[in-house]
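Engineer: Protein sequence lines correspond, in order, to chains A and B.
The numbering of the first sequence is my numbering, which starts it at 561 and goes up by one.
The numbering of the second sequence is my numbering, which starts it at 5 and goes up by one.
Do not rely on the hints blindly, as some may be mistaken.
Said to hold, decoys possible - For lysine-lysine, the following DSSO-like pairs were computed, each having C-alpha atoms within a straight-line distance of at most 27 Å:
| hint | chain 1 | residue 1 | chain 2 | residue 2 |
| --- | --- | --- | --- | --- |
| 1 | B | K159 | B | K112 |
| 2 | A | K589 | B | K112 |
| 3 | B | K126 | A | K585 |
| 4 | B | K110 | A | K589 |
| 5 | B | K48 | A | K585 |
| 6 | B | K127 | A | K585 |
| 7 | B | K110 | A | K590 |
| 8 | A | K590 | B | K112 |
| 9 | A | K589 | B | K127 |
| 10 | B | K110 | A | K585 |
| 11 | A | K589 | B | K159 |
| 12 | B | K48 | A | K589 |
| 13 | A | K589 | B | K126 |
| 14 | A | K724 | A | K589 |
| 15 | B | K126 | B | K159 |
| 16 | B | K112 | B | K127 |
| 17 | A | K695 | A | K612 |
Just so you know, the hints here were simulated from the structure itself, not pulled from any lab data.
Bear in mind that the values here come from a model prediction, so they are computed numbers and not experimental data.
The residues making up each chain are set out below.
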Amino acid sequence: MKNSQLVFRSITLFLIVILFNGCVKDTCKKMYSYSFYQPVYKTAAEVRANIKNSVPREIENAGKVYIKGNYIFLNEVDKGIHIIDNSNPSSPVNTAFIDIPGNLDLAVKGNSLYADLYTDLVTIDISDPLHVVTKKFNEGVFPYRAYANGFSGDTSRIIVDWIKSDTMVEVSCGSGEIFFEKYGFFSAPQANSVAAGGSKNSGSPIGQSGSMARFTIVNNRMYTVSNTDLSVFDIADANNPVYTNALSLNSWMVETIFPFKNKLFIGTQAGMFTFNVNRPDHPEFEGQFEHVRSCDPVIADDDYAYVTLSSGSTCQGFNNQLDIIKLNDFADAQLIKTYQLTNPHGLSKDGNLLFICDGTDGLKVFDARNVNYLSQVKQFSGLETYDVIAYNNIALVVAKDGIYQYDYSNANNIHLLSKTNFAD
Amino acid sequence: MLIKIKIIVSEILIILIASSQVFAQQKSIKYHSINSGGLIVGAKENSVLFQTINGISLNTFYVGLGIGLDYYNYNTVPLFADVRKTFGNLNAGFVYGDVGLNLPHKNKPGVDFGYVTSYDFKKGLYSDVGVGYKTKLIKKSFIVFTIGYSYKSLKGNAENKSCPDCQGDVYHYDFGYHRILFKTGMEF
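So here's chain A without its partners, still in its complex pose (with noise of 0.2 Å):
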């Protein structure tokens, strides 16, 4: 009796669970928060009026940095270059900004700068850091340059600056499946990575770019890559650059060039390229070197070519390495050793010592006269480097929250000399 009675309430109980099922009912209220930034336009004649030397401004965004004699050009991704006195690395001193809208890379020969403005170039005479002078503008020589996100805006006029406003707004929350939800309809305009490493040239009138630089200057010719192709200035007269030619490079998502005697080095995400610039305005593909995709500034000296690939960023790839190559034959290079590294980024070598940005981990200094044995030197933690352009016994290092210049004239001891903030 007992058990029968059990057995009805469970049943009713059941059918009672049964019943409730369709009452029930989940809630859920999905908000999307995103940053919604309005366009702020000038005309180009109001733009290219306001390329001047004005107030220092704090850097917030930094991106390709270039030193020139004792000054630091640093850019703030699409609003201009910070000019930074550099007289005494242990107190580098902002003190200039140049507006120039849309400007991501730069390069410089003797007293001219060489800048892009969105799709056009400017001349900009730099004799006097403090008072600049515009010379020229080259316009339509970048013709795949776009807006962020893939924005179309006014065509006939030039955006200046973004208002930034931030919009919260609710949304469906669709199966439920919070965690692999899609990305957004909008999101902010995001920076280009910050460039990194150069070679030393000591007494040339070509300034130090970065080894994620894309401009880069050999004697008086400015090379210029965007994602698919080669561009080519006679720079000859320095104040009136002349676009001469332009190659394709077939979609190989270019990403750094680097010079190094008469040869061009070109990062793509597939891997190197040289170029030989024997006859200027015509370089000419000599070879290249294939490695997964990734992201790979590169940088040469005489027998190598040294490589990074690092993961988790928009080049994608998994690797986090140093590729050496020897150079003996350009239309052969040859992969000599890899080594392992965190999530390195730009590298630049002098001498014997071989910097690398890796990351977290800060920067690394090697010891590179054996290719096959790379001593580490020295460490320096605490800061997320990008980029590092040793020069003249100071390595100038881009980190996330600065610039850090370190002394290596000593080997042994090579040590900060200062650091330059970014705005919080």
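Chain A is already provided as a structure; the job is to place chain B on it using the hints.
Structural biologist: Just chain B now, kept in the frame of chain A:
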């Protein structure tokens, strides 16, 4: 939502007041542990839960503290107070009410990137009210069946990043789960 919480809290208060009056009259306190598992029937899915409640009884009233694992949608750890009133002695029906915190089981810090970089959920409300039946199994041990209505809530943020340096998309979630709980367990 607020009304439901008020109802649940009111019910529990009534039971607590009633039990306190009884405690004042008779003092025969016994320790009991109720360990159960069960089925969660909800609109989104059916899932399971496990919980243990430990407390004291005085005559027909019981007060305890419980902790459990609730696998409905997002895994959570309910931490709650439990009160119940039994009608009868050996084989008896009872009513019960639970209210407490609903703690997220696991959060993911934003150290990597990919489809979802990080999620960070905060505690919410956990409640459960229902009826049950217990029958003596062996000496001082009972098998217990309950059916109840449960509500658990959870708030949190999730961020998507496609690369470490990219600005992520941030979503803010506010979940409310209404379920029927069908539990069975042992009371010692």
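Engineer: Are the hints correct? Go through all of them and say.
Structural biologist: Okay, the hints, checked on the actual structure:
For a cut-off of 27 Å, the pair hint linking B/K159 to B/K112 stands: about 14 Å separates their Cα positions. As the CA atoms of A/K589 and B/K112 are separated by approximately 21 Å, the hinted pair is consistent with the 27 Å bound. Restraint check for B/K126 and A/K585: satisfied, since their Cα atoms lie roughly 21 Å apart, inside the 27 Å limit. Taking the CA atoms of B/K110 and A/K589, the gap is near 21 Å; set against the 27 Å cutoff, the hint holds.
Of the supplied pair hints, the one linking B/K48 and A/K585 holds, its CA atoms being roughly 8 Å apart against a limit of 27 Å. Our distance criterion of 27 Å between C-alpha atoms is met by B/K127 and A/K585, whose separation comes to about 20 Å. Our distance criterion of 27 Å between C-alpha atoms is met by B/K110 and A/K590, whose separation comes to about 20 Å. Restraint check for A/K590 and B/K112: satisfied, since their Cα atoms lie roughly 19 Å apart, inside the 27 Å limit.
The suggested pairing of A/K589 with B/K127 holds, with an alpha-carbon distance near 16 Å, which does not exceed 27 Å. A threshold of 27 Å between alpha carbons decides the hint, and for B/K110 with A/K585 the separation of about 24 Å falls inside it, so the pair holds. With a C-alpha separation of about 9 Å, the suggested pair A/K589 and B/K159 falls inside the 27 Å cut-off, and the hint holds. Between B/K48 and A/K589 the CA atoms are separated by roughly 15 Å; this keeps the pair inside 27 Å, and the hint holds.
Between A/K589 and B/K126 the alpha-carbon distance is near 15 Å, which keeps this suggested pair within the 27 Å criterion. Annotation: proposed proximity of A/K724 to A/K589 holds, straight-line Cα distance about 25 Å (limit 27 Å). The suggested pairing of B/K126 with B/K159 holds, with an alpha-carbon distance near 5 Å, which does not exceed 27 Å. Restraint check for B/K112 and B/K127: the C-alpha separation of about 15 Å stays at or below 27 Å, so the hint holds.
Taken as a hint, the A/K695 and A/K612 pair is honoured in the structure, with Cα atoms around 11 Å apart against an allowance of 27 Å.
The structure shown violates none of the earlier numbered hints.
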